[in-house]
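J.: Listed below, chain by chain, are the residues.
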Amino acid sequence: MPQGKSEPAADRDRCVTGVEGLDSILSGGIPRGNTVLVTGSVGTGKTSLSVEFLIHGARTGENSLYISVTESSEKLIQNLVRYEYFEPRLVKEGRLIFIDLPLIYHRLGLEKMEFDSQDVTILTKVIVDLVREMRTKRLVIDSVTSVCYRLKEPEKIRQFILDLGTALSGLGCTTLLVSEISPSADRYSLFGVEEAIADGIVIMSNYERRGDLLRTLQVVKMRGTTHSRAKYVLDLTPVGVLLVPLLKGGSVTAG
Amino acid sequence: MARSLADQLLELPEGSAAWLRMRTEDYFDVVRAIFDVFAPKKTLDSIYVTCTLPAHSIQNALQVLEVPTDHIWFVDCISQIMMSTAERDEHTILVESPTMLENIMLKVDYLIRHSQRERTDLIVIDSINSLSIHNNMKILNEFLHILVNNLRSKNAYTLIFSMEEYENDEVRNIMNLVCDQMISAREA
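One line per chain: the protein sequences are A and B, in this order.
Residue 178 is where the first sequence starts when you use my numbering, and the numbers rise one by one after that.
Residue 3 is where the second sequence starts when you use my numbering, and the numbers rise one by one after that.
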C-alpha cells in the first residue's frame, strides 16, 4: 500500500468503479491497488456502491470478491436481482463471488469475541490467500467495523488493515473496506485507526436542508490521484448509483 | 395556435433549451403542440417534470386531449407534498418536494438512462413560476444552469414553461440566462 506519497495522476493505472459520477470525481477511477474506506451511517448506500463496484469489475473480466460480515450473502444476492446491471451468470461463472466471513471464522475456529495477534495474522493470511487463489482484482469487506469489534485494540486494528492493504496492493487488488459510523460521529471510522491507514476515504451521509434529507457522497482523501472534494447528492436506482453536485445556493447561510 | 407553435418547436436544433411563455389559458394548446405534434414527429421520449399539478392530473388532461402517453414519463414533485395517496404508475417517479432540486436532476438522469437509446429525449419543466415559489432564486439559478447544460450535452431538448401572469424580473433574468431562445405561445 502506498504510504502517503502522491504520484501524478497519469502514473497510476485506474480501477474504473463503473459509477460514472464517482469515476469523474476521481479523475478516472480508484488508483489500482488502493485500499479505500467507504464510511457512513446506516442507509446511506455504502453496500449498494460497493456491490456496483464489484459487479462492474466482474462484467469487465476482473474477478471480484465480496466478504460479508453481517448480512448473509444469500439475502444480498436476492436483493441484487432488482438492479438492471446485475447479471446472475457472473455468480454462476465464478467471476463474482460472495463469502460469509462467519463461515470462515467457524472453519478456522475463530469464534471467540476477541482476537489475539496470532488470530489477526491468521485472518489476514486467509483473506490474502483467497484473493491470490481466486486471482481477485476487486475486494469488498462489508463491514470492516464488524471485524474491528473483535480486534478491540487500536494496535491490532492498525496491524490488520496495514498488513491486509500491503498484501492486497501487492496482488494488484483494489479494496473497499465498508465502515459504519454513527450519524453524529466527528471522525470517519469507529475506532479512528482505519481512516489513518487507508489510501482513500469516501464518506456517505445524510444531509438535511430545510427539512429535506439528501443522501450525499464526498471523497475526502484518495492517494495517487487528483480528485474533487466537493459534496455530491446520490440516488440509488435500478441502473446504479447516480450522482449530481450538491447545490450550494441551498446552504442555510445563503437563505 | 397549436399547429403554429408546433412548427416553431420543430425548428429547434437538438440540444437546445427554450423558454416557453404562455398565458394560463394557452396551456392546453401548448401541451397539444408539444405532445401531439412536436414529440411524435421528432420521435422523442418525453420527461415531464411537474411542479404545479400532480402527474395524474396532467395524464387526465392528456387523455381528454386524446394525446398518446406511451412515450411520456413524469417526475412528479407535487403529489407527495400534497400527501395524496397516488396509485403506483410505471410512468411516474415521485420526488418528495419541489425543493429537492438535486433529486429532480437525478430522476431526470435516471429516466434518460432508462429510455430507449435510439430516441432523443425531451424534458419539459412545468413551471419556472412554481419552482420559484418553493426555492430561492440563487439555488434555482444554479439548478437550471446545471440541468440545462447537462441535458444539452446529451443532445436533449429542454422546454421550460413560464406563465406570463406570474413572471417577475428575477424569473425573466434566469430564463434569459439559461435558455437559448424564447418562444411565445401567445404570438404563435
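Mixed in with the good hints, there may be bad ones.
To be verified - Reference listing, derived: stretches of chain B covered by chain A, where coverage requires no fewer than 3 residues with Cβ under 8 Å from a Cβ of chain A:
id, region
1, 46 to 52
2, 97 to 106
Stated by the list, open to error - Taking lysine-lysine and the DSS-like style, the derived pairs with C-alpha atoms no more than 30 Å apart in a straight line are:
id, chain 1, residue 1, chain 2, residue 2
3, A, Lys425, B, Lys140
4, A, Lys408, B, Lys44
5, A, Lys252, A, Lys289
What the hints assert, rightly or not - Selected chain B positions facing chain A (Cβ under 7 Å, derived; list incomplete):
id, residue
6, Asp111
7, Arg115
8, Tyr168
Bear in mind the hints are in silico, worked out from the structure with no lab data behind them.
By construction, the Cβ of each residue, glycine as well, lies at the ideal position given by its N, Cα and C atoms.
J.: Against chain A, does the region 46 to 52 of chain B show at least 3 residues with beta-carbon separation below 8 Å?
T.: violated (count 0)
J.: Should the hint that Arg115(B) touches chain A count as held when the rule is a Cβ pair under 7 Å?
T.: holds, 5 Å
J.: Under the criterion of a CB-CB separation shorter than 7 Å, is Tyr168(B) in contact with chain A as hinted?
T.: Because about 21 Å separates Tyr168(B) from the closest Cβ in chain A, which is outside the 7 Å limit, the hint is violated.
J.: Run the distance test for Lys425(A) versus Lys140(B): straight-line Cα separation, threshold 30 Å.
T.: holds, 9 Å
J.: Between the alpha carbons of Lys408(A) and Lys44(B), is the straight-line distance 30 Å or under?
T.: violated, 37 Å
J.: Taking 30 Å as the top limit, are the C-alpha atoms of Lys252(A) and Lys289(A) close enough?
T.: holds, 25 Å
J.: Minimum Cβ distance from Asp111(B) to chain A below 7 Å?
T.: Hint on Asp111(B): holds, closest Cβ of chain A at ~5 Å, below 7 Å.
J.: Are 3 or more residues of the region 97 to 106 of chain B near chain A, judged by a Cβ distance of less than 8 Å?
T.: Holds, because 7 residues of the region 97 to 106 of chain B bring their Cβ atoms closer than 8 Å to Cβ atoms of chain A.
In this structure, the earlier hints numbered 1, 4 and 8 are contradicted, and the remaining ones agree with it.
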